[in-house]
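Given the coordinates of chain A, assemble chain B onto it according to the supplied hints.
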Amino acid sequence: MAATDIEDAPSRAPAPGEPHSLARVLRRNHLAGLISIACGLALWEFLSRIVVANPLFLAAPSQIFGAVVALAKSGELERHIAISGVEFLIGYAIASLIGIALGLTMASSAVAKQVCQPWISGLYATPTIALAPLFILWFGIGIWSKVLVVIFLVLFPVTINTEAGLRTTSPRLIEMLRSFGATPRQIFVKVSLPSATPFILAGLKLGIGRGLIAVVVAELFGSRAGLGRLISQSADAFNMPELFAGVVVLAAAGIAMTAGFGWLESKLVPWTRD
Amino acid sequence: MDARLNRGHGMTAKLTVSALTKRFDSLEALRAIELSVAPGEFISVVGPSGCGKTTFLRIVAGLEPATSGRVLIDGKPVTRPGGDRGFVFQTDNLLPWRTVLDNAMIGPEVAGRADAAARRRTLELLKLVGLEGFEGYHPRQLSGGMRQRVNLARALAIDPDILLMDEPFSALDAQTREIMQTELMRIWEQGRKTVLFVTHQIDEAVFLSDRVLVFARRPGRLQESVEVTLPRPRALAIKRTPEFVRYVDHIWRLIEDDVRASIIEEHA
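Protein sequences appear in the order of chains A and B. Letter by letter, the first sequence follows residues 0 to 273 in numbering that gives the first Met the number 0. Letter by letter, the second sequence follows residues 0 to 267 in numbering that gives the first Met the number 0.
These are calculated hints, taken from the structure and not from any lab test.
Computed beta-carbon distance windows for the label pairs:
hint, chain 1, residue 1, chain 2, residue 2, range
1, A, PRO117, B, GLN189, 55 to 61 Å
2, B, GLY82, A, TRP270, 26 to 32 Å
3, A, SER120, B, ASP24, 31 to 37 Å
4, A, ARG26, B, ARG112, 50 to 56 Å
5, A, VAL114, B, THR66, 31 to 37 Å
6, B, ASP172, A, SER20, 35 to 41 Å
7, A, VAL114, B, ARG112, 38 to 44 Å
8, B, VAL244, A, ARG26, 54 to 60 Å
For every residue, glycine included, the Cβ atom is placed at its ideal position computed from N, Cα and C.
Isolated chain A, as found in the complex:
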């Protein structure tokens, strides 16, 4: 008996005499993606400098890069990132904890589920970001109104995924554990929780994008500092390079966090690959 995974790996180098096809070279070095980005930026630069040629409407990538560097040097970028970062992290952490706890409660009690389900489904479908002005009215323009908006946007996907993950635990695996005389607690720890982990991580991942939107939009409605504030300030001043600088920093944060989650998934739940 041989392990099925020890199959001959596809050889990397082309066989002698085989032509180096362009497609093969592109695929191997992720060149296609890099070229795509480079072309996109070049087109953007061209459109912005030659076609639009109006700094009030569009900034070129080179100008945006310059703005990022200038903002970083003045320390202003750091200040905005710190404020938005704190708002995001506090809100995200609270929403994750409550979301997982709520999901666990709903999965373990039919009554709790009946009580919570309509609210969670309803609020998940509602664009609760529209409540941001109300929260600012209640809690002022400091960080706590933003934290609350982040919580509202991140909480529900985490709750829904946690509950779904626990609910869809394979009945066969539960039965297997039961055949060994496992207690409900043992079944939960040894089967339900590990098999729900990929779902919980997916919920948390979904929460990153929603959380970033929450921070920025809430700051647009009223704030003293933060990346959303930087963007709205720049828009008011028709300072396109700085507006885009804020957007670029947000995009980078989103990409970095999502990639970090991908790495976390490959470490924590490797069995869900392929």
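Same frame as chain A, but now just chain B:
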């Protein structure tokens, strides 16, 4: 080939089933099952689909309550799953996030006895079922046959008195299944545990068993108990002997009408 229901009866019976009945609402899944199994006996249960053979096994396992009647192991009534019975499932039901060794250790772990001794024993068992060198593999890296070996080792790891096997080889291809049958025989010869083996393969039942219980359907009931007196240890070649074929023919004739009826029903 007389029905000898009371072979293991008396003080020595490992497993005794009396007047066992199971109903699912209006459906009578099992009616008045009587059975006595001696320690170390290998018993197979065959029958058409819907004859209640898996339900019977699940009741003995304590995974399902009986509607009436009794199941006794060493004279004590079965009410829930216990460490005296190891269940080998039709699907392997391995935990995908655990290695082969950690999967096989789940029984001792649940019982709170996952110590070094249990670990050593489980490693021995993995060797016994032919998985030496694969202890650190994950289920997704194994073939179907290897996963069923883990399934078997996992049940053996609690050192049960009775092994309950629910069509464990039905998902395997024909060649792998034959190999697994001989492997099971080899492992059983070493420990001589009491085995209750559910299958729909008549030749598999005859090859493995001391006794084949033939179940009928509507309601599920014990139709005949066929004693298999073929000499042990048995090799695959025995399947081509006239004696073996006679057993298979006899059992097939017992269930043929039922099987045809169940096929028609399934397509209705």
